[in-house]
Amino acid sequence: MIDKTIDSAAQAVSCIGDGAVVMIGGFGEVGSPVELIHALIDQGTRDLTAINNNTGNGEVGLAALIGNGQVAKMICSYPRSSHSKVFPELYRAGEIELELVPQGTLAERIRAGGAGIPAFFTPTAVGTPLAEGKEVRELEGRTYVMEPWLKADFALVKCDSADRMGNLTYHQTARNFAPLMCMAAATTIVQACRVVEAGAIDPEHVVTPGIFVDRIVEVAEPVQESRLIAEGRSYP
Amino acid sequence: MSADSRKPTGWSREQMAARAARDIPEGSYVNLGIGIPELVARFVPEGREFIYHTENGLLGMGPPPAAGEEEPELINAGKKPVTIVPGASFFHHADSFAMIRGGHIDVCVLGAMQVSAEGDLANWSTGRPGAIPAVGGAMDLVAGVETIFVITQHTTKTGEPKLVERCSFPLTGKGVVSRIFTDLAVVDVTPAGFRLSELAPGVTEAEVREKSGAPLQPIR
Chain Z
1 MIDKTIDSAA
11 QAVSCIGDGA
21 VVMIGGFGEV
31 GSPVELIHAL
41 IDQGTRDLTA
51 INNNTGNGEV
61 GLAALIGNGQ
71 VAKMICSYPR
81 SSHSKVFPEL
91 YRAGEIELEL
101 VPQGTLAERI
111 RAGGAGIPAF
121 FTPTAVGTPL
131 AEGKEVRELE
141 GRTYVMEPWL
151 KADFALVKCD
161 SADRMGNLTY
171 HQTARNFAPL
181 MCMAAATTIV
191 QACRVVEAGA
201 IDPEHVVTPG
211 IFVDRIVEVA
221 EPVQESRLIA
231 EGRSYP
Chain Y
1001 MSADSRKPTG
1011 WSREQMAARA
1021 ARDIPEGSYV
1031 NLGIGIPELV
1041 ARFVPEGREF
1051 IYHTENGLLG
1061 MGPPPAAGEE
1071 EPELINAGKK
1081 PVTIVPGASF
1091 FHHADSFAMI
1101 RGGHIDVCVL
1111 GAMQVSAEGD
1121 LANWSTGRPG
1131 AIPAVGGAMD
1141 LVAGVETIFV
1151 ITQHTTKTGE
1161 PKLVERCSFP
1171 LTGKGVVSRI
1181 FTDLAVVDVT
1191 PAGFRLSELA
1201 PGVTEAEVRE
1211 KSGAPLQPIR
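Residue numbers (my numbering), protein chains in the order written: chain Z, 1 to 236; chain Y, 1001 to 1220.
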């Protein structure tokens, strides 16, 4: 019987080794799989390339992973926020590499990675420093820049409901990058607010079909980053 | 004449936003940038309905929630709590940016560090050493949305012009801005450069010219 559920976040991330490329869902704290990230911190995996829209907040979740020196390279669109201090300090000290990608190009590169499309042409960033050195082409009278797909060894995402087959639903704007990252990673690891019986999710309402999901751990009451930060908490 | 007896001149942040809102057609799908552009949603002219897109994955964004009614997973692109209106929808990032790059969003209102006479926009990085570059969705928006409005103060806090002959900061997009709403004036970007379209109350053409870094065609 297919059953992708796993007992703990620690077991779920145990397959991630040093040097892995890891996509991490979330837009700011919304949709961030904080418990999976904390399990990765506990595990001490190093030299990671992390792909996320941002670089985390405070000293918890993604920011804590970065602050713990486990991330060698960050691929993101917006490494600044009102509560982001860990990344800027390491970046200014030259201790972490940054690949800055426009947000829509980041999303499409991940989608392309999951869909088996090795590159595509986009008008985004033409004429700016972010297109320098990239192949350009004139198509129907407009200039486009070629962008490569983005794939990962692992994706860590948070969802609302999951069943044992890996079918997922999301809540409000927490969906953001998760469905794309589930497609683009060799192994997708999901933390679900609830695991339900197969068939309990109406097939019409499935957002991520189970084929894109490998491991599921139930985290019934996930922490909220902003609450941890307000309480002055840091991880570990 | 004492300073107190002078009439206030120019537009406030709210008045700039209200002025920009007047130029958005009925039924438009609209994306609002962070900062003064966010205020545009408060000044929809009577009888018009706009549908707000926020690139993190929501169409049909409503006003900010009352204190205590925030939902932790319902935010806008500025990561602030928002609400939804009846008829709203949620979607993932590839769909959201397909709406943008695919030309489905009608109007986008952005902030600016500099705008050039050719409509080039710079609003993501000063390019200075030690600056943390952060682009977000700005380059996708200017590449994919037909009408790009800019709302900005006419000069920087230190009095440097933001309307310039050529941007000195790294570009967000080339030739993308069509209209600029500042505290002093409404300025169009035309094939012949900047053209004054409207002056704020109490502001003279001479003052706008003096505070601009490129020539302005007179009001038609």
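Honestly, the hints are just simulated from the structure, not real lab data. Predicted model only: the values in this text are computed from it and were never measured. Please note that a few of the clues may not be correct.
Claimed, not checked - With a Cα cut of at most 27 Å, we get these calculated DSS-like pairs of lysine-lysine:
(1) K134(Z) <-> K151(Z)
(2) K1157(Y) <-> K1211(Y)
(3) K73(Z) <-> K134(Z)
(4) K134(Z) <-> K1174(Y)
(5) K151(Z) <-> K73(Z)
(6) K85(Z) <-> K73(Z)
(7) K1211(Y) <-> K1174(Y)
(8) K1157(Y) <-> K85(Z)
(9) K1080(Y) <-> K85(Z)
(10) K151(Z) <-> K4(Z)
(11) K1157(Y) <-> K1079(Y)
(12) K1157(Y) <-> K1174(Y)
(13) K85(Z) <-> K1211(Y)
(14) K73(Z) <-> K1211(Y)
(15) K1080(Y) <-> K1157(Y)
| task | Decide if the proposed pair is consistent with the structure: K1080(Y) and K85(Z), CA atoms, cutoff 27 Å inclusive. | result | 19 Å, holds
| When you check the alpha-carbon spacing of K134(Z) and K1174(Y), does it fall within 27 Å? | 17 Å, holds
| Is it true that the CA of K1157(Y) sits at most 27 Å from the CA of K1174(Y)? | Measuring from Cα to Cα gives roughly 25 Å; hence the hint holds.
| query | CA of K134(Z) to CA of K151(Z), is that 27 Å or under? | reply | Roughly 19 Å separates the two Cα atoms, so the pair holds.
| Are the Cα positions of K1157(Y) and K85(Z) separated by 27 Å at most? | Holds. K1157(Y) to K85(Z) sits at ~25 Å (cutoff 27 Å).
| task | Take the C-alpha atoms of K1080(Y) and K1157(Y), compute the straight-line distance between them, and say whether it is at most 27 Å. | result | Roughly 25 Å between the alpha carbons, so the hint for K1080(Y) and K1157(Y) holds.
| message | Hint check: K151(Z) vs K73(Z), CA-CA at most 27 Å. Holds or violated? | response | 15 Å, holds
| Are the Cα atoms of K1157(Y) and K1211(Y) separated by 27 Å or less? | 12 Å, holds
| message | Hint check: K85(Z) vs K1211(Y), CA-CA at most 27 Å. Holds or violated? | response | Outside the cut-off at roughly 36 Å; violated.
| query | Quick one, are K85(Z) and K73(Z) close enough, alpha carbons at most 27 Å? | reply | 16 Å, holds
| query | If you draw a straight line from the CA of K1211(Y) to the CA of K1174(Y), is it 27 Å or shorter? | reply | Holds, at roughly 23 Å.
| Restraint status (C-alpha distance of K151(Z) to K4(Z) at most 27 Å) | This hinted pair holds, its Cα atoms lying about 22 Å apart.
In summary, the structure is inconsistent with hints 13 and 14 from the numbered list given earlier, while agreeing with the others.
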